[in-house]
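2 protein chains.
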Amino acid sequence: MQVCFFKLCPVIPLEQALTAIKDAIKKTYGKKGEEMIRMNMAAVDAATSRVFEVPLAGKTADGQPMPPPVSEKAPAFVRDFIAPILVGCGDDLPVSAMPKDGTFPTDTARWEKRNIALEIPVWEPQVCIQCCKCTMVCPHASIRAKVFDPAKANGNQPASFKSADPKNKEWAGLKFVLQVAAEDCTGCGLCTQVCPAKSKSEAKLKAINMRPQLPLLEAERTNWDYFLSLPEFDRARLKITTIREQQLQRPLFEFSGSCAGCGETPYVKLLSQLFGDRLLIANATGCSSIYGGNLPTTPYAKDLAGRGPTWNNSLFEDNAEFGLGIRLALDQQIVQAGELLRRLSSSLSDQLVTALLGAEQKDEAGIAAQRERVAELKRKLAGVEGADAKSLLAIADVLVRKSVWILGGDGWAYDIGYGGLDHVFSVGRDVNILVLDTEVYSNTGGQMSKSTPRGAVAKFAAAGKPARKKDLGLMAMNYGNVYVASVAMGAKDDHALRSFVEAEAYRGPSLILAYSHCIAHGIDMGHGLQNQKMAVDSGHWLLYRYDPTKAGSGENPLKVDSAPPKTPLEEFMMMENRFKVLTRAKPEVAKRLFQDAQMDAQYRRKLYEHLSKQEG
Amino acid sequence: MQVCFFKLCPVIPLEQALTAIKDAIKKTYGKKGEEMIRMNMAAVDAATSRVFEVPLAGKTADGQPMPPPVSEKAPAFVRDFIAPILVGCGDDLPVSAMPKDGTFPTDTARWEKRNIALEIPVWEPQVCIQCCKCTMVCPHASIRAKVFDPAKANGNQPASFKSADPKNKEWAGLKFVLQVAAEDCTGCGLCTQVCPAKSKSEAKLKAINMRPQLPLLEAERTNWDYFLSLPEFDRARLKITTIREQQLQRPLFEFSGSCAGCGETPYVKLLSQLFGDRLLIANATGCSSIYGGNLPTTPYAKDLAGRGPTWNNSLFEDNAEFGLGIRLALDQQIVQAGELLRRLSSSLSDQLVTALLGAEQKDEAGIAAQRERVAELKRKLAGVEGADAKSLLAIADVLVRKSVWILGGDGWAYDIGYGGLDHVFSVGRDVNILVLDTEVYSNTGGQMSKSTPRGAVAKFAAAGKPARKKDLGLMAMNYGNVYVASVAMGAKDDHALRSFVEAEAYRGPSLILAYSHCIAHGIDMGHGLQNQKMAVDSGHWLLYRYDPTKAGSGENPLKVDSAPPKTPLEEFMMMENRFKVLTRAKPEVAKRLFQDAQMDAQYRRKLYEHLSKQEG
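Protein chains in written order, with this note's numbering: chain A, 32 to 647; chain B, 32 to 647.
Quick caveat, the hints were computed from the structure, so don't treat them as lab data.
Any given hint might turn out to be false.
Which copy is meant is left open, so a pair is good if it fits within one copy or across any two.
Straight line, CA to CA, 30 angstroms or less: simulated DSS-like cross-link-like pairs of lysine-lysine [what the hints assert, rightly or not]:
#	residue 1	residue 2
1	490	611
2	644	581
3	644	590
4	581	637
5	270	581
6	581	622
The structure displayed is predicted, hence computed values, not measured ones.
Could you build all of it, start to finish, from the sequences and the hints given here?
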């Protein structure tokens, strides 16, 4: 744009401007290597030759109505409050339009149709093996799977709507569909990258392939609406440790404002699928608080019954304590509800009270059964007089097992909020902690955190971080009562899924360290999953699970889940600019730090293997 | 006193008062067991029968001058500023009397003669083996050893002054003396408890024995002054890893206001002996900040050259960062001094500059040599013109290696200041961290910390702490670049000494976890060292050292220094009321928690042994 400006407005001679711009490029990107400079120079040259006039030929914008910022079908709050902010008129809103109790409605991001993808994935049903890896890795929940009974579908199926017979024999007679939200997709291409299914007849054709959005827009918009109208698969009948089944759970985190190809949001989305209808989130400040609750829209959504995550963002430094507080309050209410139930037992039904109090709620079926009981309880309570019945009615919902998650990035978990996080480990309450580990302060612009690996270049570590990465998982394991998992969805997706399920099932503190590729790594985000895989294959990132319940039966709680490294660490490091730039800026330092990093990885692998082999 | 009051002032009938007092005793101490109640009842009964009139027989206090609060020999600041505060007239002091630069003079506690000991230790030179264990464990630095050349002593040796020929043959011709500061001793008796030397002729006679203070006061006051006048042994000629030699180092922490028998202050005193003349302390809030800097007097002292610890207390929560800041400032000044030296090299002496910059300063002799060089530098700088010379003169003292220590209790290190402490570990700078671990918030009244062991009763853990003690040492070791030692002076004094020396020598972060018996443990403080020994013998407290420098040579950095437990943990627990009370208040809970605690100890020992055996 700068080049175009100087070409159109000759405030100084163009050649002089171009020389100055190119000198600035050399100065700015010199450390990042010849290739970076070449690409920038090429952009300058291309810009000068591609400025051309668009003849308007008498066309004007007059009389063309501005399309509405949100659909007419949107709820009143979205139309009257969110839409004005979306179009930049937030200052015109009166204070009286704000939610009076301070809470902010969720499930609103789906009304903000951004249409930013140049290309979107297109499904080839006959090639697809229905593994659902694509829907799992999608950072924006904009490619979805559903299995439905065609007899229960509404009859207005659009002509371009595609479906297939399920590969899963248990679902015979139903239909499988993979549908893209064309207006919400960011076009990152992670879905096509992860797709393992290739056409046998047509070279390079996968089960999903990126195609230009514009020609598909109208049809896919209709298909998407139709897809949403199809009934959801019964959650209680899904085997949630199998991706192809679990992915039928409706995401309750959709169309966030995270980067195209974000490595964090697939984990958050997974969380929302697994536990979203009974999920409470305490979110630390950082990327996840920005894309998680960026005014005016909110990506946390609701299911058809109106259930969805309750989300809150406290301070950067106290998020663990904040989440613990949520847990303590819930525990107190559960105790109180139990006392009230026992006291009201005769007015209700002994059988119901016993069932409510004894419910194990170990799985989706158990949760669903308890929901039924609570509904019955509420019906009965309506007919009981007195203060106890009123009090119980007010808190009856806590009898359905809630899932409390404390979310944040590595800057929070390893650094600023670590003191509190450590305290939460020690207290032993049933909270789940998800660390979206990008190994750097991403949201604030790439500062080094204690998670940053040795040799990586970051702000405050311009000459490569000299110290090794803090081993947060090991420090949590020291407590003995903390479930710890280290996962990387791009390396082993079913391991990530299993860890989430185990962490939530464990009735004490759980910590998941989730490797998240990031723009701050200096990578092509469309290949982020390959980078994750390489991080694990090279030993940069370990996959493991530490399950304290195993210690009870004499088993070693620690299991290393990734294979011994197949490739030298440097091969991974050279895939990412955060490391690569150091080889250009300070080759000698890079050599030494990369060697040390290789030692770190070997030492750590050895230590974990050693620990996992301790008996009794 | 309450009983005496009711006996003397019959506002209600005495019998009624006694019944009420005894009922209150049963209520208050019921949980602490029969023995506790019996002792209180006995005190009540003894008090009623021991109230008697003291006939004054015409004596009055008139004409008896009040002794001065401090000696006339005290410096003006002590006489004019500290003394009025000591006698409760601090409010009368004008603001102008305050130190104008905000610093507060050290070396003032020695003027506050408290005379609180009923009994003081008396030395038997012919029984003594000169091991100096007594001076090492003295919490108040009020028993001291010196080896001196009688030819260089002043001639006014008091008649009652005792000395002996040194047992150490290298000191032939010199004299060994053990001297008590009768007015500063608190009478705790730790010195006599630790004394291993017994008379062969006289039963129960040790090398030191407790005797009533009053008859000894005058003579010992004179002896103490004479002792102070004797020349100090040359620090550079002491083998500091041997207690009997190291203890000749003059304590620069004396007569603090800590409890009689305190388990923390012997460590602080040791620190002041080893490194006091070049020591900078950042002190967290807690007992150590109260007895370390309790207005109006200061126990941190100075040697004959006027050198002593620089001490500061910041907030509870930021002490680690505060100490790191001191280190960073020093490092910056060292760089600056180096640059100035190089720049001024031609005006000074190339040889001197080279020697100053290359000095290793690995031991006391090296430090002494560098001090000489700095003195020479200062003399030379006085004759050099220009701003550089002035700047260098101002910071020349940083060329003598400083010792930066970050001090605090477990409440600080395990809980409130842990986030910062962890950060300091990660940064890798040369600071030393001393945690005075009483396993409970001592100064604030006995609240549970994350250091509190499973089964101990504390505030917020009235039913015994259910979770195991946080393993701070292991968490520090995870960084790989932190020297970590876990010590207990009462169990293995030379191990504690060696750990202090190694920690200071290591040019990165060092952490010493120092087991400190405490009144909060509910023990007889005079037997605190036996409790420490039992803590180690039972496996409650591990002794170990983790030295990162060993990893470089392929050795395992971790060495477990205590033998496998000899006695069941419960034997130790039943020695201390913090555990014992639980067996009375909640016997079932106690049984379970004590069993779990035994498992904790076994598991931890096994883990440490396993880690210490990892190869390569």
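A quick look at each hint next to the structure:
In this assembly of identical chains, residue 490 and residue 611 lie within 30 angstroms of each other by CA distance solely inside one copy; the values are 15 angstroms within and 54 angstroms between copies. For the identical chains of this complex, residue 644 and residue 581 are neighbours both inside a copy (14 angstroms) and across copies (24 angstroms), given an alpha-carbon limit of 30 angstroms. For the homomeric pair residue 644 and residue 590, the shortest alpha-carbon distances inside one copy (9 angstroms) and between copies (20 angstroms) are both at most 30 angstroms. For the homomeric pair residue 581 and residue 637, the shortest alpha-carbon distances inside one copy (21 angstroms) and between copies (17 angstroms) are both at most 30 angstroms.
Taking the shortest alpha-carbon separations for residue 270 and residue 581, only the intra-copy value of 23 angstroms comes in at or below 30 angstroms, while the best inter-copy value is 51 angstroms. In this assembly of identical chains, residue 581 and residue 622 lie within 30 angstroms of each other by CA distance solely across copies; the values are 23 angstroms between and 42 angstroms within a copy.
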